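Colleague: Chains as they are written, first to last, in this note's numbering: chain A, 1 to 339; chain B, 1 to 327.
Worth flagging that the hints you see were computed from the coordinates, not collected in a lab. The model shown is predicted, which means the values in this text are computed figures rather than measured ones. Quick reminder that beta carbons are idealized off the backbone N, C-alpha and C, glycines included. You can trust all of the hints, since none of them are fake.
Reference listing, derived: stretches of chain B covered by chain A, where coverage requires no fewer than 3 residues with Cβ under 8 Å from a Cβ of chain A:
hint, segment
1, 55 to 69
2, 98 to 106
3, 120 to 127
4, 165 to 176
Residues of chain A clear of chain B, computed beta-carbon distances all greater than 12 Å:
hint, residue
5, Gln93
6, Ile267
7, Thr311
Sample of chain B residues with no beta-carbon within 12 Å of chain A, all distances over it, derived:
hint, residue
8, Gly44
9, Asp192
10, Ala305
11, Gly310
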Amino acid sequence: MDRRLTAYLLRRVALAGIMLFGLVCLTFVIANVAPNDPAALAAGPDAGRSQIEQARRDYGLDRPLHEQFWRYVSDLAQGEFGRSIATGRSVGQDLARYFPATLELCLLAMLIGLAIGVPLGVLSALMKDRWVDHLTRIFAVSGIALPPFWFGLLLQLGFATGLGWLPTSGRLSVMTEPPDPITGLLLTDALLRGQWGVFREGLSYIVLPAIVLSFPCMASILRVNRAEMVEALRADYVMSAQAHGVNPWRIVCVHALRNAMLPTLAIIGLRWGWMMSSTVLVETVFDWPGIGLYAVSSAIAGDFKPVMGVTLIVGLNFMVANLIVDLLYGVLDPRLREG
Amino acid sequence: MTPLLAIQDYRLAFDGFDGTAHVLDGIALELHAGETLGVVGESGCGKSVLARSLLRLNPSPPARVVSGHIRFEGEDVLAMPPARLRALRGRRIAMIFQDPASYLNPLLSIGTQMEDAIRGQDGATGRARPRDAARDRAATLLAAVGLADAPRLLASHPHQLSGGMRQRVLIAMALSGDPALLVADEPTTALDVTVQAQVLALIAGLVRERGLTLMLISHDLGVIAAACARTVVMYAGNIVEDAPTAYLLARPLHPYTRGLLAAVPELDSHGPRPRGIPGGIPSLRSPPPGCRFHPRCDRASALCATEKPGLRELLPGRAVACHHAEV
Chain A
1 MDRRLTAYLL
11 RRVALAGIML
21 FGLVCLTFVI
31 ANVAPNDPAA
41 LAAGPDAGRS
51 QIEQARRDYG
61 LDRPLHEQFW
71 RYVSDLAQGE
81 FGRSIATGRS
91 VGQDLARYFP
101 ATLELCLLAM
111 LIGLAIGVPL
121 GVLSALMKDR
131 WVDHLTRIFA
141 VSGIALPPFW
151 FGLLLQLGFA
161 TGLGWLPTSG
171 RLSVMTEPPD
181 PITGLLLTDA
191 LLRGQWGVFR
201 EGLSYIVLPA
211 IVLSFPCMAS
221 ILRVNRAEMV
231 EALRADYVMS
241 AQAHGVNPWR
251 IVCVHALRNA
261 MLPTLAIIGL
271 RWGWMMSSTV
281 LVETVFDWPG
291 IGLYAVSSAI
301 AGDFKPVMGV
311 TLIVGLNFMV
321 ANLIVDLLYG
331 VLDPRLREG
Chain B
1 MTPLLAIQDY
11 RLAFDGFDGT
21 AHVLDGIALE
31 LHAGETLGVV
41 GESGCGKSVL
51 ARSLLRLNPS
61 PPARVVSGHI
71 RFEGEDVLAM
81 PPARLRALRG
91 RRIAMIFQDP
101 ASYLNPLLSI
111 GTQMEDAIRG
121 QDGATGRARP
131 RDAARDRAAT
141 LLAAVGLADA
151 PRLLASHPHQ
161 LSGGMRQRVL
171 IAMALSGDPA
181 LLVADEPTTA
191 LDVTVQAQVL
201 ALIAGLVRER
211 GLTLMLISHD
221 LGVIAAACAR
231 TVVMYAGNIV
241 EDAPTAYLLA
251 RPLHPYTRGL
261 LAAVPELDSH
271 GPRPRGIPGG
281 IPSLRSPPPG
291 CRFHPRCDRA
301 SALCATEKPG
311 LRELLPGRAV
321 ACHHAEV
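Whenever a hint applies, use it, and build me the whole structure from the sequences.
Modeller: Listed below in structure tokens is the structure:
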């Protein structure tokens with residue numbers, strides 16, 4: 001690989017490391033300023049004063065803050081997120097179980113958002129101020145404006161309850177045996193194991209929540225891509241490409257789109273983080289067994305460790321997504337490799 | 001002999017929110033194969049818009065053709081279907097632009113951009129040649145414009161090149177389709193003075209070697225005098241004078257041309273001090289009636305304010321659009 005690209009990559013990874021440390025600090029602070037007493041929670045509702053103090057010592061909550069912080073960080077470094085009070089399992093195990101379902105949902109939603117948002121953005125830019133452009137504008141505005149839980153319920157009413165084409169909620173029928181995990185992503189595993197029936201069933205379960213989750217993302221990709229394409233199509237280099245007789249399709253799909261994709265990529269990175277956190281609503285509506293549902297049920301139970309774990313995972317995802325976006329920037333834009 | 005390029009009564013307007021700008025107001029121009037024509041005028045006089053019209057590059061909207069024809073080799077450019085237009089661009093008329101930094105795509109390598117041009121021109125009339133054949137052709141073209149080390153250059157990106165190199169690359173791309181007419185829109189304006197002279201010499205050399213017809217747009221009479229045998233002067237969307245360059249410089253017939261020449265500073269300190277033309281260029285949204293230059297003209301009469309003067313040939317090869325011009 002290009003040496004400059006490697007250097008660029010290393011700089012970005014170092015920056016991400018610093019951001020990760022900030023995220024860890026932030027979750028620690030939030031846990032410590034939260035208005036409940038974790039020792040009282042751990043000791044149970046009927047615990048006496050001495051039992052609470054015992055729990056406080058057991059959990060190390062009587063130690064000075066910097067010691068607690070050090071323990072928190074070193075636990076995290078070993079993948080130890082603490083123990084859920086409600087389930088009694090370690091939060092790390094729970095996350096490993098629920099996260100793939102969320103990841104699968106978000107990946108599919110992002111795929112839908114890109115597959116529809118980018119081409120429609122290009123089309124609207126080419127048809128600027130014509131009826132196609134107006135139509136996609138209405139589409140995009142509704143995508144941003146519709147509350148996801150309401151839109152989810154609407155789709156359930158229409159396609160599941162009304163037409164009966166798709167199941168209402170869940171990830172797979174209770175009667176169906178999920179494929180042996182390889183990646184943990186159910187659809188991918190079903191494909192890898194060649195279980196077509198399971199794949200089709202999984203698809204029928206995931207399609208509604210994925211559409212709901214993808215809608216706002218698709219809308220913002222569409223609008224940003226349209227604006228950037230309008231700009232790029234007006235650029236001097238497009239005029240000279242036309243004058244030199246470059247194939248018109250190639251001008252749109254390579255010369256202009258590549259330039260328009262730079263700002264679009266930034267939106268994709270932001271939207272990925274946003275999507276991860278909005279799974280809380282969508283997973284609740286569709287009873288999707290991911291980290292969003294896990295966070296909601298833990299929060300209702302007053303169980304703090306899982307919520308912190310989910311926050312960390314979502315934050316980590318956000319960072320990884322933005323790291324990938326930064327790397328793609330470096331691949332797309334030769335000027336950045338020298339910055 | 002039919003001219004290579006014949007423009008008749010060409011009017012172009014730009015529609016905007018605050019009214020319509022009449023940017024080109026009845027252009028008439030003939031250009032024969034092998035001629036070198038300079039187009040001179042102030043910023044905003046419509047010379048770049050005219051150059052882009054030859055390839056229909058003005059984005060529409062806002063641009064709107066009001067009337068006229070642009071015939072190239074007898075075929076009306078303004079009426080061409082998209083496929084014919086593609087076969088025109090780069091293959092019969094090629095164009096180079098003012099600022100080579102913004103007219104090259106910042107994200108694509110020089111090689112990709114040159115290959116795209118070469119293969120795009122192939123594709124207009126038949127099958128595109130394979131990429132490696134296009135790359136060989138690109139290397140040959142780079143050598144023709146005086147750029148050595150083609151393999152490294154083809155792999156580099158525009159920001160890695162100097163302004164002069166970028167302009168040479170754009171010239172190489174313009175040559176890729178073996179065009180009959182080369183339109184150069186202020187090709188040296190964005191470059192350093194020393195590089196300007198080199199690029200100008202390169203263009204003049206290529207025109208001679210390849211027998212190209214040249215249309216060179218500039219606001220700089222010195223640039224045009226160095227490369228063009230014939231010059232037209234534009235003012236506010238009109239051609240006001242059309243003459244062999246030597247005659248135009250020695251004895252301008254239009255008051256505006258005289259004003260332009262008087263505004264050129266003399267290096268010889270004993271010469272007259274440069275004089276500007278009083279007033280400013282008129283608004284193209286509501287241009288003055290009659291001759292568009294009359295509010296700034298010291299020879300204007302009542303006739304000039306009501307009737308627009310047409311180009312009339314006072315001497316063979318010398319035309320002027322002025323009621324009061326005389327030999």
